[in-house]
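Protein chains in written order, with this note's numbering: chain D, 1 to 267; chain W, 1 to 405.
Hints in this document: simulated from the structure, not taken from any laboratory. Treat the numbers as computed from the prediction; the structure is a model and nothing was measured. Treat the hints with care, since some could be wrong.
[Unchecked claim] Derived SDA-like pairs (lysine to any residue); straight-line CA-CA distance at most 20 Å:
| # | chain 1 | residue 1 | chain 2 | residue 2 |
| --- | --- | --- | --- | --- |
| 1 | W | K311 | D | R119 |
| 2 | W | K311 | D | V245 |
| 3 | W | K392 | D | D96 |
| 4 | W | K311 | D | K39 |
| 5 | W | K18 | W | T336 |
| 6 | D | K39 | W | I399 |
| 7 | W | K323 | D | H159 |
| 8 | D | K106 | D | E49 |
| 9 | W | K311 | D | Q140 |
| 10 | D | K144 | W | R309 |
| 11 | W | K47 | W | N277 |
| 12 | W | K160 | W | R185 |
| 13 | D | K106 | D | Q140 |
| 14 | W | K18 | D | T121 |
| 15 | W | K392 | W | E308 |
| 16 | D | K25 | D | V245 |
| 17 | D | K144 | D | E213 |
| 18 | W | K323 | D | R101 |
| 19 | W | K160 | W | T170 |
| 20 | D | K106 | W | F4 |
[As the list claims (entries may be wrong)] Taking beta-carbon pairs under 7 Å as the criterion, some of the chain W residues facing chain D (in silico):
| # | residue |
| --- | --- |
| 21 | A15 |
| 22 | R16 |
| 23 | I310 |
| 24 | G376 |
| 25 | L398 |
| 26 | I399 |
| 27 | A401 |
| 28 | E405 |
Note that CB positions come from ideal geometry on N, CA and C, so glycine has one too.
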Amino acid sequence: MRLQHAPVVPWADSEERVVKDLLIKTSELSKTYVMGEFKVHALRGVDMEVSKGEFIAIMGASGSGKTTFMNLLGCLDHPSSGSYLLDGTEVHTISDAELTRIRNQKIGYVFQSFYLLPRTTALENVELPLLYCNKCNLHQRHEKALSAMRKVGIEDRRHHFPNQLSGGQQQRVAIARAIVNDPVFILADEPTGNLDTRTSLEVMAVLQQLHSEGKTIVLVTHENDIASYAERLVTFRDGKIISDVLNQNPHNALADLAKLPKLEEED
Amino acid sequence: MSIFGIIRIAVKSLARNKTRTFLTMLGIMIGVAAVIAMLAIGQGAKKIVDDQINSMGTNVIIISSNWGSQRSGARPAAGSGQLLEVADVEAIRDRVEGVLYASTIYNTWGRMKYEGNNWRTGIMGVDADYFFIRDMQAEKGSLFFSSDIENSNKVCIIGKTVADNLFGETDPVDKIIRIRNIPFRVAGVLKAKGQNVNGNDQDDIVLAPYTTVYTRLLGQHWRNMMIMVSAESKETINVVQQDILDLLQSRHRGTTSEEFSVRTQTDVAEAANKVSNTMTILLASIAGISLLVGGIGIMNIMLVSVTERIKEIGIRMAVGAGKRDVLLQFIIEAVTISILGGFLGILLGFGAAEVVGKSMKWSVAVTPWSVVLAVGFSCAIGIFFGWYPARKAANLNLIDALRYE
C-alpha cells in the first residue's frame with residue numbers, strides 16, 4: 001500500500017510542481033465524435049495535471065464534456081488528439097492490449113449504476129480484476145478481495161448476490177472491486193447518483209477514508225454537495241475547463257453522516 | 001489471463017443459466033447419440049451378415065453364367081443362360097487344383113402335397129457334394145446318395161419348415177409327397193439352419209437329385225444352372241476362383257470372362273456389406289445433419305447470450321479483460337456446451353444401441369473410433385459455431401457496451 005500524502009499545491013503555477021508527484025498530465029486533449037455529417041466536439045483541448053494523493057471532483061452540467069473526459073482519463077476511449085500521460089505511460093500512443101492492461105492495473109472504476117455482474121457473488125465481483133491479471137493464485141485472490149472488502153466494510157456480505165444487496169452495499173462492493181488491484185487512482189463516475197442522501201454520505205465517507213490512506217481519487221459529479229467532499233474542484237463547460245479551484249475546507253462525510261437524524265430501522 | 005481462468009469463467013457463466021445451457025446441449029446430445037447408435041447398430045448388422053455368410057459353409061465359390069445379359073433385345077433373367085453344363089462340374093472337380101467339392105444346382109419352384117396339406121416352396125436339384133459344401137446333416141432319415149443321382153431317383157430331403165407344414169406331427173421319413181404331381185420319397189429332414197442374411201428361411205427348402213429335377217421338374221426354357229464349389233482353404237480360394245474362370249472359358253470357346261459369374265463368399269459378403277454400409281452412411285448422414293442443426297442452435301443461443309450480456313462484457317473489459325479474453329470466454333462457453341452435450345450424447349447413444357441390440361437380439365458394438373469421432377465433431381462444432389458470436393462479443397466497443405441498456 002502506498003501511504004503517501006502528497007502535498008496539495010496551488011494550481012495556478014502548475015509549471016513549478018514537483019514532477020515525481022505527477023500522476024496524470026493531459027495536454028490539448030480533444031475528442032470529436034462524428035455523427036453522420038456532423039462533428040460533435042465533446043472535448044476541446046483540455047490541459048490538466050493531477051498529483052498523487054489528490055481528491056478531485058470534476059463537475060459540469062450534462063453535455064459539458066465531463067463524461068467524455070472521464071472516459072479518456074479512464075482509458076476507456078482513445079482521444080482524437082492531444083496527449084495523456086498516466087503514471088509515466090503515454091497512454092495516447094499505446095495499443096489496445098496495453099490499454100487493457102492499464103485499465104486492469106492502474107485504474108479502479110466506480111460507476112453510477114455499480115456495474116456488478118449479476119448472479120455472481122460479491123466476493124467474485126471483487127475478484128474480477130484479479131482474474132484478468134496473471135499475478136495471483138486462487139488463494140491470493142481470495143485474500144486480496146477479502147482485504148479490499150474489509151476496507152470498505154462489506155466483507156460480511158461476500159457470499160451475497162448483487163440483487164440481495166442494497167444500493168449502498170452494492171456501491172461498496174464496486175469500490176472494493178476498484179481498489180482490489182491497488183490502482184494508482186480511483187475513477188468514480190457519479191458514484192452517488194443512484195443513492196439516497198444517507199447512503200451517498202456513506203459512500204463518500206468510504207472514498208474520503210481511502211483518500212486519507214493515500215489513494216488518488218477522481219470523482220465525476222454534477223452535484224455540488226457531493227463535490228464539496230473533494231479537495232479540488234474542476235468545472236467543465238462546453239468541452240473545456242472553466243474553473244479549477246482548491247476546496248480549502250472540504251466537508252467531512254462521517255461528520256455529516258452523524259448529523260443526519262437517526263434511522264428508525266436498519267436496512 | 002490463463003486459459004484455465006477463462007475456462008472457469010466460461011463454466012461459471014454457463015452454470016448461471018442451467019436450463020438454457022441444457023436445452024442448447026440437447027441438439028448436440030441427440031446428434032451425437034444418433035451417430036454413436038447408428039454406427040454401433042451398423043457394426044452389429046455387419047457382424048451378423050459376416051456370421052451368417054460364414055455359416056453358409058466355408059470357402060464357397062458360386063458360379064453362374066451371365067450369358068443372358070450379353071444378348072440384346074429381350075433379356076432373360078440373369079443366370080438363365082444355358083452356358084453351364086453338368087460336364088463343367090465334372091471338369092472343375094477333376095481338373096482344378098484345390099477344389100474339394102463341386103455340385104450342380106438347379107433352382108425351381110413348385111407346389112407340393114401330402115395328403116390334404118399344400119406347400120409351395122423352392123426346390124433345389126443338387127449333387128451329393130452339396131451336403132458337404134453346405135455342411136448339411138439329416139436330422140431324421142438320411143441324405144440321398146450318388147446312386148440316387150445316377151439313377152434319377154425320385155427322392156428328396158426336406159427342410160424343417162416344409163416338414164412342419166406338410167406333415168405336422170407325422171414322421172415324414174419314407175412318406176411320399178407329390179411335387180408338381182410327381183411322387184417323391186422323403187429320404188430325410190434337414191437339421192434346422194434358421195434365417196439367412198436376407199431374412200429368408202433356410203429351412204423352407206426341398207432338395208432333390210439334380211438329375212431328377214432336370215428331367216422331371218425343369219421346363220425346356222428354364223434350365224437355371226449354378227455350380228457351387230468349396231475350396232480347400234481360404235488362402236487358395238482366389239487362385240481356385242481364377243482357375244475355374246479360366247477353365248470355363250477354355251471349355252466354352254468364344255466366351256469372355258464377363259459371361260461367367262464366379263463369386264466367392266467374400267464377394268457375397270462384400271455385396272451384403274455394401275448394402276449395410278450404404279444404410280450406415282445414410283443413417284450417419286441423417287445424424288450428421290442433426291449435429292449440424294444442434295450446432296446452429298448453439299450459435300443461436302450464443303448470439304442471444306452475447307446480446308444479453310453486452311453490459312457484462314463491457315464491465316469485464318473495463319476491469320481488464322482484453323479482446324482475446326472475451327473471445328476465448330465465449331468460444332469456450334460454446335465448446336463446453338458442445339463437448340458436454342457430446343459426452344451426454346455418447347452415454348445416450350450407448351444406451352440406445354444397447355436397447356436396440358437387446359430388442360433385435362443383435363450384438364451391437366460401440367467402436368472407440370466412433371466415440372473419438374463424436375467428441376471431435378462436437379468440439380469442432382463448438383469452435384465453428386461459437387466463433388462468430390464470440391468475435392461479435394470481442395469486437396464490442398467498450399464504452400457502448402458499458403452504457404448499453
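Tested hints:
1. W/K311 - D/R119: holds (14 Å)
2. W/K311 - D/V245: violated (36 Å)
3. W/K392 - D/D96: holds (17 Å)
4. W/K311 - D/K39: At roughly 27 Å apart (the allowed maximum being 20 Å), D/K39 and W/K311 break the hint.
5. W/K18 - W/T336: holds (13 Å)
6. D/K39 - W/I399: Holds: D/K39 and W/I399 sit about 18 Å apart, inside 20 Å.
7. W/K323 - D/H159: violated (29 Å)
8. D/K106 - D/E49: holds (17 Å)
9. W/K311 - D/Q140: violated (28 Å)
10. D/K144 - W/R309: Not OK: D/K144 and W/R309 at ~27 Å, beyond 20 Å, violated.
11. W/K47 - W/N277: Between W/K47 and W/N277 the Cα gap is close to 12 Å, so the pair holds against 20 Å.
12. W/K160 - W/R185: Answer holds: W/K160 to W/R185 is near 16 Å, not above 20 Å.
13. D/K106 - D/Q140: The given pair, whose Cα atoms are some 19 Å apart, holds under the 20 Å limit.
14. W/K18 - D/T121: holds (17 Å)
15. W/K392 - W/E308: Given pair W/K392, W/E308 holds - Cα atoms ~12 Å apart, limit 20 Å.
16. D/K25 - D/V245: holds (17 Å)
17. D/K144 - D/E213: holds (17 Å)
18. W/K323 - D/R101: Judged against 20 Å, a Cα distance of about 11 Å means the pair holds.
19. W/K160 - W/T170: It holds: about 13 Å lies between the C-alpha atoms, which stays within 20 Å.
20. D/K106 - W/F4: violated (24 Å)
21. A15: Violated, about 9 Å.
22. R16: W/R16 check passes; min Cβ-Cβ to chain D is 5 Å, inside 7 Å.
23. I310: violated (12 Å)
24. G376: violated (30 Å)
25. L398: Holds, about 5 Å.
26. I399: holds (6 Å)
27. A401: Where the cut-off is 7 Å and the nearest Cβ of chain D is about 10 Å from W/A401, the hint is violated.
28. E405: Interface hint status for W/E405: violated (9 Å vs cutoff 7 Å).
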